[in-house]
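Since chain A is already given, all that's left is putting chain B on it; use the hints.
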Amino acid sequence: MIQQERMIVVRQSEIAHHIFELTLQGQIVQDMNPGQFVHIRVSDSFEPLLRRPISIANINKEANEATVIYRAEGRGTSILSQKQVGDEVDVLGPLGNGFPVDAVREGGTALLVGGGIGVPPLYELSHQLNARGIRTIHVFGFATEQVCFYEDQFTTLGDTHFVTVDGSKGTKGFVTDLLEELKPEFDVFYACGPLPMLRALEGFYPEKQGYLSFEERMGCGIGACFACICQTTDQSDKNYVKVCSDGPVFPKGVVDL
Amino acid sequence: MSRLSLHLPGLDVKNPIMPASGCFGFGKEFSNLYDLSKLGAIMIKATTVETRIGNPTPRVAETAAGMLNAIGLQNPGLEQVMKNELPYLERFDVPIIANVAGTTTEDYVEVAKEISTAPNVKALELNISCPNVKHGGITFGTDPVIARELVEAVKKVSEVPVYVKLSPNVTDIVEIAKAVEAGGADGITMINTLVGMRLDERTGKPVIANGTGGLSGPAVKPVAIRMVYEVYKAVNIPIIGMGGVTNAQDVIDFMSAGASAVAVGTANFVDPFVCPKIIEELPGKLEELGVKRLKEIIGRSHL
Numbered sequence: 001m002i003q004q005e006r007m008i009v010v011r012q013s014e015i016a017h018h019i020f021e022l023t024l025q026g027q028i029v030q031d032m033n034p035g036q037f038v039h040i041r042v043s044d045s046f047e048p049l050l051r052r053p054i055s056i057a058n059i060n061k062e063a064n065e066a067t068v069i070y071r072a073e074g075r076g077t078s079i080l081s082q083k084q085v086g087d088e089v090d091v092l093g094p095l096g097n098g099f100p101v102d103a104v105r106e107g108g109t110a111l112l113v114g115g116g117i118g119v120p121p122l123y124e125l126s127h128q129l130n131a132r133g134i135r136t137i138h139v140f141g142f143a144t145e146q147v148c149f150y151e152d153q154f155t156t157l158g159d160t161h162f163v164t165v166d167g168s169k170g171t172k173g174f175v176t177d178l179l180e181e182l183k184p185e186f187d188v189f190y191a192c193g194p195l196p197m198l199r200a201l202e203g204f205y206p207e208k209q210g211y212l213s214f215e216e217r218m219g220c221g222i223g224a225c226f227a228c229i230c231q232t233t234d235q236s237d238k239n240y241v242k243v244c245s246d247g248p249v250f251p252k253g254v255v256d257l
Numbered sequence: 001m002s003r004l005s006l007h008l009p010g011l012d013v014k015n016p017i018m019p020a021s022g023c024f025g026f027g028k029e030f031s032n033l034y035d036l037s038k039l040g041a042i043m044i045k046a047t048t049v050e051t052r053i054g055n056p057t058p059r060v061a062e063t064a065a066g067m068l069n070a071i072g073l074q075n076p077g078l079e080q081v082m083k084n085e086l087p088y089l090e091r092f093d094v095p096i097i098a099n100v101a102g103t104t105t106e107d108y109v110e111v112a113k114e115i116s117t118a119p120n121v122k123a124l125e126l127n128i129s130c131p132n133v134k135h136g137g138i139t140f141g142t143d144p145v146i147a148r149e150l151v152e153a154v155k156k157v158s159e160v161p162v163y164v165k166l167s168p169n170v171t172d173i174v175e176i177a178k179a180v181e182a183g184g185a186d187g188i189t190m191i192n193t194l195v196g197m198r199l200d201e202r203t204g205k206p207v208i209a210n211g212t213g214g215l216s217g218p219a220v221k222p223v224a225i226r227m228v229y230e231v232y233k234a235v236n237i238p239i240i241g242m243g244g245v246t247n248a249q250d251v252i253d254f255m256s257a258g259a260s261a262v263a264v265g266t267a268n269f270v271d272p273f274v275c276p277k278i279i280e281e282l283p284g285k286l287e288e289l290g291v292k293r294l295k296e297i298i299g300r301s302h303l
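Chains as they are written, first to last, in the UniProt record's numbering: chain A, 1 to 257; chain B, 1 to 303.
Simulated from the structure, these hints should not be mistaken for lab results.
Values in this document were obtained by computation on a predicted structure and should not be read as measured data.
It cannot be assumed that every hint is accurate.
Within a straight-line C-alpha distance of at most 25 angstroms, the following computed PhoX-like cross-link-like pairs (lysine-lysine) qualify [unchecked claim]:
1. B:Lys-83 to A:Lys-238
2. A:Lys-238 to B:Lys-28
3. B:Lys-277 to B:Lys-28
4. B:Lys-155 to B:Lys-233
5. B:Lys-38 to B:Lys-28
6. B:Lys-156 to B:Lys-113
Extracted from the complex, chain A is given alone in its bound form (with noise of 0.2 angstroms):
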C-alpha cells in the first residue's frame, strides 16, 4: 500500500563521481518490493516543487532500512544529497510494480543488465533471485570508471562484468559489446537503463524472456497526473501505460520502444 511517511536519515555517502547511497529507516520499509520506487521531497518549501522518483537498491525489512543509489545531478537530488544522518525525508511509496522474481525457476539463471544510473533496482533483484536458489549474472555499463559502483557487492552475488563507453573500466563499448563476446547462457534477463540500451536488449534476445524497467519525467508518481506515458506495441483501444503505476516493470515487448 502506497503511504506518506516522515523517513530518517540513517547513511549517506558519495559512492562514486556525484553518485550517492543513502539509506533511510521507517514503516513503508515492510511493504518494498525489488524494481518499485519511492517519490522524495527533498525540501519542505515549495522549492523544488515536485518529489524525485527514485528506485529502491536494496531492502533490509529486519532493520527497517532502505537504501535507495542516485546521481546527484540536479536541483532536487543536490539538495537531497546535503541530507544529514538523523534528517527527516518526507517520501511516498514504495510505489510501481517491480521485478517479478519467480520469472525463473529455482536452480535456474537470470541475466541483470543495467546501464549507468539505472544499475541499482537490480542490486535487490539480485539479492532476492539468489535467495531464491537463481544464479544471476550482472552486466553493467557506465560511462566512465569514475561513476561505476557497487562492483564488490554484485561479485558476491553471481559473476559481474563491466563496460564503459570510454574503455577506462572493463570493456570499452555498450553493453550489446560486451553481451556478444560473453554470450551468456540464461533463462530471462531483467534490465534497467537507458531507452536505447532497452531498445537495443529487445533486438539482441527475441526469443528471451525478459523484463524491462523505465524512466520517465514524472509529476505525481501514483498515475494520476498523465506526465509519464509510454506508448505499446498494442494499437488497440488503450494503447499507452503509464510508468509510474503500471510500471515501471515491463515484460518486454510491452512498451513500444
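What follows is chain B alone, placed relative to chain A:
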C-alpha cells in the same frame, strides 16, 4: 451541518475543497489512498467525445515554485468515462463536476448532453481554457462572443448547472466572465494555467515537447487571487477559485477574494493527501479568525 458546508448551484458540499480537473485523474488512484467521500466535490479529468492520447513526452517540467504541463487532454473518451469512470465514483458520497472539452461547439454539446445525465454528475465545468491543444479549448475562452455562444449552446442541453473554467491568458478576464454569465453560466471556475515555457540549459530549446505548457503551482497564486478579486466584483454567479492552493490559509485567501469554494490542483502531485489535510486544517483557521461558518468569509476582502 458542519461549519464547512455550503451550497452552490447543483452542489451541496460538506466542505469547499475539491481536487481540480486534470490533477486527480478520475479519482481511482487517490481512492487507494483515502476515502474520497471526505471531499467537497471532485472535478474529474477533461472528457472529450473521442479518446485522446495527448501530447508527446516530456509533458511536464518543474519551474520555480511551480510546474509546466502540456498533457493535451488525454482521456479515454465520453463512452468509457460514462461506462467505467463515473460508475466507479458512485461508491463515494461525493458530487462530481465533469470537465467538458472539445474542438468544436458540437463536441462540447455532445459531451455535455450525455455526461450531465450521469447520476453522480451534479455540475459541468466547461473547459474553454486548456492551453495545450491546437484546436478548441482556449480559443473558446479568449473571445467573449464565442465564449457566450458556447455557454448558451451547452446550457440548452445540460441536465445540470454549468460552470465555466476561465483562462488567465486574456487581456481582460472580467470581460470574459461577464460574457459567460450573460450566456447563462451558473458559476465560474478560475483560473486555468498560464501559458509558459522553460528552456533546456544545455540546448536552449523548450523542455516540453509541445514547446509551451501551462504554469501552475504556488507561483501562480497571486495572479489567481487578483483575478478572482476582480471577477467577484463584476459578476453575480459564484466562483470556484484555484491556482496554487496548498494549505488552509490559501483557501481562506481565495474565499476572502470572493471564491465560494476552492479547488486544489498541482498540490495533489506534491502531496496526494493534501485535500483531506486542508479539510482537517480549516476548522482551526476559522477559530483563529473568530468565524462560525466558513461561508461568512466569502468576499470579505471587498467589505
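Structure-based check of all given hints:
About 15 angstroms separates the Cα atoms of Lys-83 (chain B) and Lys-238 (chain A), which keeps this hinted pair within 25 angstroms; it holds. At roughly 17 angstroms between alpha-carbon atoms, Lys-238 (chain A) and Lys-28 (chain B) fall within 25 angstroms of each other, so this suggested pair holds. Annotation: proposed proximity of Lys-277 (chain B) to Lys-28 (chain B) holds, straight-line Cα distance about 19 angstroms (limit 25 angstroms). In summary, the hint linking Lys-155 (chain B) to Lys-233 (chain B) is supported, as the alpha carbons are separated by about 24 angstroms, within the 25 angstroms threshold.
About 14 angstroms separates the Cα atoms of Lys-38 (chain B) and Lys-28 (chain B), which keeps this hinted pair within 25 angstroms; it holds. A hinted pair counts as satisfied when its Cα atoms are at most 25 angstroms apart, and Lys-156 (chain B) with Lys-113 (chain B) qualifies at roughly 9 angstroms.
Taken one by one, the earlier hints all hold for this structure without exception.
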